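Novice: Whole structure, please, built from the sequences with the hints as guidance.
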Amino acid sequence: MNVDVAVIGCGPAGLTASIEMAQSGLSVVIIDEYYRPGGRLLGQLYDDPKAPVHQRRWDGKKVTQELVEQAIRLGVQIVCGVTAWSVAPRWKVELSGSEVKSVQAKALLLATGAAEKALPMSGWTLPGVVSVGAAQTFTNVHQVAIGKKVMVVGVDPLALSVAMEMKHAGIQVVGIALPSQSAVTGKLSSPEDALSKLAEAADLAPNPFLRMMGRLVAGSLRKVAIHALSLPLLRLEGIPVYLRKAVARIEGEHEVKAVTLQDVTVQGVPTGREERIEVDAVCLSAGLYPLVELAQVAGCSVTHVPELGGLVPLHGKDLSTTADGLYVAGNITGIEGAKVAMAQGKLAAVSIVQSLGKAPSMSKDDAMHAVEQARDLSPIRFLPQILEGRAIMDQLWQEAWRKKEGGQAWMI
Amino acid sequence: MKQKVIVVGGGLIGTSTAYYLSKEGIDVTLVESQDIASGTSGACDKAIMMQSKAPGPVLDLALKSALMYKGLEEELEADLEYREGGGMILFETQQELEAIHRLVARQREAGLDVQLLTRDEARRRQPGLADHILGSTWWDHDAEVNPLLVSFAFAKAAQRMGAIIRLGAKVTKLLTDGDRIVGIECASEKMYADLVIVAMGVWTPQLLKSINLDVPIIPRKGQILVSERLPDFVNCNVLGGAYIAAKMEKKMAESSNPIDSVGLSLGQTSSGTLLIGGSREFAGYDFQTNVEISRAISKAATRVFPALEQVRILRTFAGLRPFTPDGKPILGPVEGWEGLFLAAGHEGDGVALSPITGKLLAQIVCGMDPGIDVSPFLLSRFQSTVSV
Amino acid sequence: MMTNTRLFSTNKDEGQRHVSFTFNGMELTGYEGEPIAAALLANGIKTIRTCEVTKEPRGIFCGIGHCYECRAEVDGISNQRTCMTPLRSGTQVSSHSSWQIEEARK
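Chains as they are written, first to last, in numbering that gives the first Met the number 0: chain A, 0 to 411; chain B, 0 to 387; chain C, 0 to 105.
What you were told as hints is all true, and nothing was included just to trick you.
BS3-like cross-link-like pairs, simulated, lysine-lysine; straight-line CA separation at most 27 Å:
#, chain 1, residue 1, chain 2, residue 2
1, A, 60, C, 11
2, B, 169, A, 402
3, A, 148, C, 11
4, A, 147, C, 11
5, B, 208, B, 189
6, B, 169, A, 403
7, A, 116, C, 54
8, A, 100, B, 298
9, A, 256, A, 166
10, C, 11, A, 61
11, A, 166, C, 11
12, A, 91, B, 298
Since the hints were made in silico from the structure, they are not lab data.
Fair warning: this is a prediction, and the values are worked out from it, not measured in the lab.
Specialist: Written out as structure tokens, the structure is:
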């Protein structure tokens, strides 16, 4: 198959980019190994307080459907259930699970999104223990309960959001707590750190608890917030949020049967008191990291920027990379969520369209500005230092360009 | 006074050398630029196969090494996933059959009692072989091992014997005093010793440049495919005959297309995955894998085991074999330089020769009679050719 | 056997057909087109396979195809991610691989 642009990842970034590119007259194919389009946008279902009243309900399936219909109308080919297992300049994509074995394209857009970090703890391999992303997907996309009584481990915007989504769907969420301290959990176990993260979800509605805590932590009321930590528990729409208890063990012989919670100090140190709660499912949340494997295979430079979520492809403001004709958009550039992903998709598309000699619907500057606007409109901030991360990336890119123009190879 | 030796390179050869030296009471420091087995030793397959060694000095060395492997797990107090399951070289064409028969004759003369099997006998030994296979060789004592476990086990055992291991330390220069090597320099640190042994595999020539010494080791890239886990079915080392025949008959016209020179090798790991090799390419120090070569290796494998068509490949990796012009490693002292030994250039034979190389180096260093004629392996064999 | 693990929400996919399938020989029903893992979970089945090394029971973990914990043999093809494989009428799912190096000798 021969196209102008191959897009890997049929989530919000990939779909939006394809629409823009098709509108400018380019032939586009989107490849995704998931069995249906939408990526992680599919599972998103919540009220967005930053949106105008009539658009308050953010329904990922609906948004996906609209984007897909628009893309198909414009002649974009969408291929799902197919794995892109290798990419080589410039640009050949090898496919598995498809009649068509490879795609030849002039430009390649990687919009592969992010994956979840693991939260290893005692009993975590038992059937019934799932990641928070799985909980969201099974609740909102497949409409199947991950369990009847669920414990959520990890206090961060995504965990709180999914806990509420499960409750709305009729699942009994018995509580949300931090994981107990171990060599692996590190800062994930810190009640103080958890509180700071809550500030990021401050505007998520319907969420009076988060709004309150967010205001407390962000401002001069930090001392009040720390004091709040000593309250035995707070409630999120009736769901207990245990800031002074941590989940030490998940128990069961063949499946999840219970969790053991330990009382902990404000620093997260166990006091010795334990309590057992019967549950049949546990949902673990440890954060997201960009999926950069194909970027690495493609030979483009990747670099470690913790503020963006981990290893990310080195990219410019226009979303080009160190590999000629390779662009990135969405969570692969840093974890920010669907709205920013869509704006980035558009920006990457504008860059690609220009690089192939056609006229995009907007200028690069306007597209970059739109990304910033999308950032302001995002209801959840997954990474507290995302802005610092973007600034670091810009700096690294400029340094790399200087080296390149000085005759050295692209180097980090 | 205790001799102080620095071993440069923490792969199969360096760790083995560090161990056997420490065992003799030598004060050893092993200096490695990244981590144990992070070079070629971390990109090998599992074979300790005598049948693929050229009859002559290399085979003699390999047979001694194979004997050492039998007791190695006990000696190093470690599980090495060692297994003596035998090995076979398949022949698919009449041409291959004749070439392999000639090889077997030479092997028998050298004392290796290799048998020849008919197709049915081969299929009984190794189920799943394709109909068109004409037959195979068979030798009971070919074995398999996990080269990563071997490297780490040698390193740990060396430490138990008092060796110091420095990781993440890249050696950039050999320190000299007249025509003596007195130590090494890594980062801005200088380390002094009575003797330096360079066991850096394909990177050996780079270090030796610092004293203007030419070492004819060239990286020869090889790719291996890793399959999904499968029930146990490959129960011995399996090699395709095409490459072996060409190698032994020295008919290796270096094809410009590495796809043409795929030499099939198959082994199954303890976890059930298959390691399927392999290609040969002179491509400098580049580790990139190549899709077309992956395809060529897959084709060779499914031609010989048709049932593999259903099996999925998880990933592929490449390693750089240290090739020498005469197919023999470079071992022992360096003429014209006191205090310098080499132990590198084991192309394709590093796993098999790891124990004997370490022991041999230790014996020479300690002034013991190794019981082996080292002259075929000395660097000086290359230096004696004088260009006019 | 359908237990009440199916959720009711406003976000349901339209027009899904009930179909039969088997899991380790057991007859079950699910919705055509949903991931096999979802159909299994809807039937109260959390254990999809056993770990090859420790023999412990394993099931869905990441739910979106990254971890491979939900893998099973589907219609004779091994190591399929059931969280990403759509259910069809008559699909046969097995925790154990039926792959053999040779078919029975003729």
